[in-house]
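Student: From first to last, the protein sequence lines are chains G and C.
Per our numbering, the first sequence starts with residue 1, numbered consecutively.
Per our numbering, the second sequence starts with residue 1, numbered consecutively.
Hints in this document: simulated from the structure, not taken from any laboratory.
These figures come from a predicted structure and were not determined experimentally.
Take every hint as true, because none was put in to throw you off.
These stretches of chain C come out as covered by chain G in the derived footprint (C-beta under 8 Å, 3 or more residues):
(1) 40-51
(2) 85-92
(3) 106-120
(4) 145-159
Some residues of chain C that are not near chain G, with every Cβ distance over 12 Å (derived):
(5) 56
(6) 179
(7) 292
Some residues of chain C that are not near chain G, with every Cβ distance over 12 Å (derived):
(8) 174
(9) 290
(10) 309
Glycine included, each C-beta is placed from N, C-alpha and C at the ideal position.
Number of protein chains: 2
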Amino acid sequence: MTSEFELLEQIRARLGRRGERVLRAAGDDAAVVRGDGVEVTSVDAFVEGVHFRLGTTSLLDLGHKCLAASLSDLAAMGAQTGEAFFVLGMPSHLESQEALELIDGAEALAARTGVAICGGDVTASRELFIAVTVVGHASREAELVGRDGARPGDAIGVTGALGGAGAGLLLLERKLGGLDPDVGSALLERHLRPEPRLTTGRALARAGVRAMADVSDGVASDGERIAEASGLAIEIRLAELPLDEGVAEVAAAAGIDPLDLAAGAGEDYELLFAAPGDARAAVEAAAEAAGSAVSWIGRAVEGAGIRLLDEAGNPRQVRGWDHFRGPSGDRPAEPA
Amino acid sequence: MTSEFELLEQIRARLGRRGERVLRAAGDDAAVVRGDGVEVTSVDAFVEGVHFRLGTTSLLDLGHKCLAASLSDLAAMGAQTGEAFFVLGMPSHLESQEALELIDGAEALAARTGVAICGGDVTASRELFIAVTVVGHASREAELVGRDGARPGDAIGVTGALGGAGAGLLLLERKLGGLDPDVGSALLERHLRPEPRLTTGRALARAGVRAMADVSDGVASDGERIAEASGLAIEIRLAELPLDEGVAEVAAAAGIDPLDLAAGAGEDYELLFAAPGDARAAVEAAAEAAGSAVSWIGRAVEGAGIRLLDEAGNPRQVRGWDHFRGPSGDRPAEPA
Numbered sequence: 001m002t003s004e005f006e007l008l009e010q011i012r013a014r015l016g017r018r019g020e021r022v023l024r025a026a027g028d029d030a031a032v033v034r035g036d037g038v039e040v041t042s043v044d045a046f047v048e049g050v051h052f053r054l055g056t057t058s059l060l061d062l063g064h065k066c067l068a069a070s071l072s073d074l075a076a077m078g079a080q081t082g083e084a085f086f087v088l089g090m091p092s093h094l095e096s097q098e099a100l101e102l103i104d105g106a107e108a109l110a111a112r113t114g115v116a117i118c119g120g121d122v123t124a125s126r127e128l129f130i131a132v133t134v135v136g137h138a139s140r141e142a143e144l145v146g147r148d149g150a151r152p153g154d155a156i157g158v159t160g161a162l163g164g165a166g167a168g169l170l171l172l173e174r175k176l177g178g179l180d181p182d183v184g185s186a187l188l189e190r191h192l193r194p195e196p197r198l199t200t201g202r203a204l205a206r207a208g209v210r211a212m213a214d215v216s217d218g219v220a221s222d223g224e225r226i227a228e229a230s231g232l233a234i235e236i237r238l239a240e241l242p243l244d245e246g247v248a249e250v251a252a253a254a255g256i257d258p259l260d261l262a263a264g265a266g267e268d269y270e271l272l273f274a275a276p277g278d279a280r281a282a283v284e285a286a287a288e289a290a291g292s293a294v295s296w297i298g299r300a301v302e303g304a305g306i307r308l309l310d311e312a313g314n315p316r317q318v319r320g321w322d323h324f325r326g327p328s329g330d331r332p333a334e335p336a
Numbered sequence: 001m002t003s004e005f006e007l008l009e010q011i012r013a014r015l016g017r018r019g020e021r022v023l024r025a026a027g028d029d030a031a032v033v034r035g036d037g038v039e040v041t042s043v044d045a046f047v048e049g050v051h052f053r054l055g056t057t058s059l060l061d062l063g064h065k066c067l068a069a070s071l072s073d074l075a076a077m078g079a080q081t082g083e084a085f086f087v088l089g090m091p092s093h094l095e096s097q098e099a100l101e102l103i104d105g106a107e108a109l110a111a112r113t114g115v116a117i118c119g120g121d122v123t124a125s126r127e128l129f130i131a132v133t134v135v136g137h138a139s140r141e142a143e144l145v146g147r148d149g150a151r152p153g154d155a156i157g158v159t160g161a162l163g164g165a166g167a168g169l170l171l172l173e174r175k176l177g178g179l180d181p182d183v184g185s186a187l188l189e190r191h192l193r194p195e196p197r198l199t200t201g202r203a204l205a206r207a208g209v210r211a212m213a214d215v216s217d218g219v220a221s222d223g224e225r226i227a228e229a230s231g232l233a234i235e236i237r238l239a240e241l242p243l244d245e246g247v248a249e250v251a252a253a254a255g256i257d258p259l260d261l262a263a264g265a266g267e268d269y270e271l272l273f274a275a276p277g278d279a280r281a282a283v284e285a286a287a288e289a290a291g292s293a294v295s296w297i298g299r300a301v302e303g304a305g306i307r308l309l310d311e312a313g314n315p316r317q318v319r320g321w322d323h324f325r326g327p328s329g330d331r332p333a334e335p336a
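Work the whole structure out from these sequences, hints included.
Tutor: Quick look at the structure:
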């Protein structure tokens with residue numbers, strides 16, 4: 001059995017040194033980076049049996065997903081990527097090799113997104129858990145977009161398509177068949193290997209978006225948080241939600257309304273945002289240049305809370321994350 | 001049962017907003033602080049049954065200790081304190097009130113040390129775990145002290161006294177009696193509520209110390225890390241180790257050599273450092289002004305590794321952390 005100290009050494013040996021900010025990476029009491037402008041930090045935790053099952057995800061994919069979900073918070077601020085720190089709680093049933101696979105999955109995404117994994121901690125634990133700290137930066141605070149800047153009359157937009165991660169989870173958990181294999185693979189990929197919209201997030205921030213969140217818990221929940229932080233209400237026209245290919249079929253096979261997947265299942269890691277009406281064209285162009293499509297799905301109005309509207313304009317509810325998560329699915333709390 | 005989202009809200013309500021760096025604290029996708037000079041980040045994890053037992057520590061003390069141990073890494077760099085982020089893995093047997101007590105313990109230390117707890121995450125888990133990210137800063141990299149700057153001929157010093165945390169752990173785990181109650185209380189305090197040497201660490205850095213680590217795993221292990229990072233050997237004269245009051249009595253009652261407690265048990269969170277000979281007087285004066293005594297316990301020499309010497313100058317071994325930790329005591333790995 002490799003000691004945790006040796007494992008940390010093996011992890012460090014696999015981590016690329018990148019970024020002009022990093023002065024001291026892992027191996028000292030702390031990592032040291034050149035600060036510049038403003039620093040943006042987010043912390044997320046992922047626990048076996050709550051956020052993932054080892055039976056349905058590879059360690060490589062898990063490492064990718066933990067970092068991707070964490071970086072998605074930086075995307076939602078419009079921040080530049082900086083550093084990441086990993087804490088691994090390692091149960092005795094996992095081998096060191098599996099921890100290294102997890103790190104390899106994270107490191108591959110880190111390399112692709114300009115992130116330096118700069119340190120962390122490894123400890124024994126009963127279940128596998130991963131806590132990720134990501135640090136981003138911007139030259140000035142004004143370059144960043146919080147959740148609190150929406151104004152009544154703003155258009156509410158979302159990037160990409162929704163429901164794919166939830167449909168992928170259903171495919172894994174319920175072993176649904178009958179789907180085109182390529183479509184099924186794409187949905188599994190949406191669930192297992194989400195892509196943080198970092199370039200798009202920065203482009204949207206520059207294009208005049210003034211409130212933004214990532215779609216981690218579904219547009220219903222994440223929209224509610226923008227509404228709350230901005231002190232207004234957000235109306236979402238459910239019929240306008242862009243669906244990933246295959247979501248309708250998976251929903252039909254599972255006996256679920258596809259809108260529940262699109263608005264409630266979450267983990268799509270797209271970006272949900274508010275933009276003033278006159279910025280819409282610029283926002284669309286900026287997103288397109290960054291490789292993302294924009295759908296306009298609602299508006300900010302006076303009031304409070306989230307209002308989900310059907311095609312007739314009547315309010316309806318969607319089922320949230322916990323409904324799709326299976327028996328052990330404690331709903332994870334929103335990270336800060 | 002409070003939801004994790006509600007619990008996060010309750011936690012946020014208890015956190016003071018402090019520090020001129022903080023632009024956005026918890027509640028958005030990420031926290032935003034004004035970067036300035038260099039940023040110093042360390043991550044540590046604490047797991048029930050590995051690092052602590054709920055039967056022998058209060059949640060208030062646990063919150064204190066997790067933050068103190070984390071801040072100790074900033075002290076060892078000579079950094080100014082900045083922000084902290086907490087991840088809590090909450091097992092179902094814990095009530096929200098207990099999580100809030102843990103946060104209260106951390107927040108009290110944060111307030112005293114100028115730290116802003118700026119965010120975090122709460123999740124369900126099987127065992128209680130806490131992952132802490134601390135961020136410090138300095139105007140210039142040159143103000144910080146790594147582990148790699150020791151030079152042959154340097155004097156090796158340590159602040160305060162050693163062995164108290166290990167003796168306190170023995171008192172808790174083995175229920176030893178016969179000790180003066182005040183001395184016993186002080187040892188328990190050393191174990192349960194360690195004090196990060198933040199002011200002393202900055203003073204030592206200014207006074208010319210050129211390699212430093214905190215005593216988390218014992219001077220034998222922590223000295224070995226300085227030796228390794230600096231590419232030399234470190235000799236420690238065990239007879240020179242400053243012992244906390246009562247360590248000898250506890251060791252005798254437990255049938256252990258007190259030097260094992262002083263050099264091997266760790267968790268004293270004092271500072272171990274290397275200083276050039278001509279800086280010794282300045283280092284002593286700086287430490288004293290910061291409220292710490294300095295003991296000179298060895299020297300850096302050509303070679304590799306740690307050399308523990310008895311009074312006759314002969315090499316000897318000490319028992320490490322794992323020996324004192326009891327049956328569930330997996331040795332925690334060194335964090336980065």
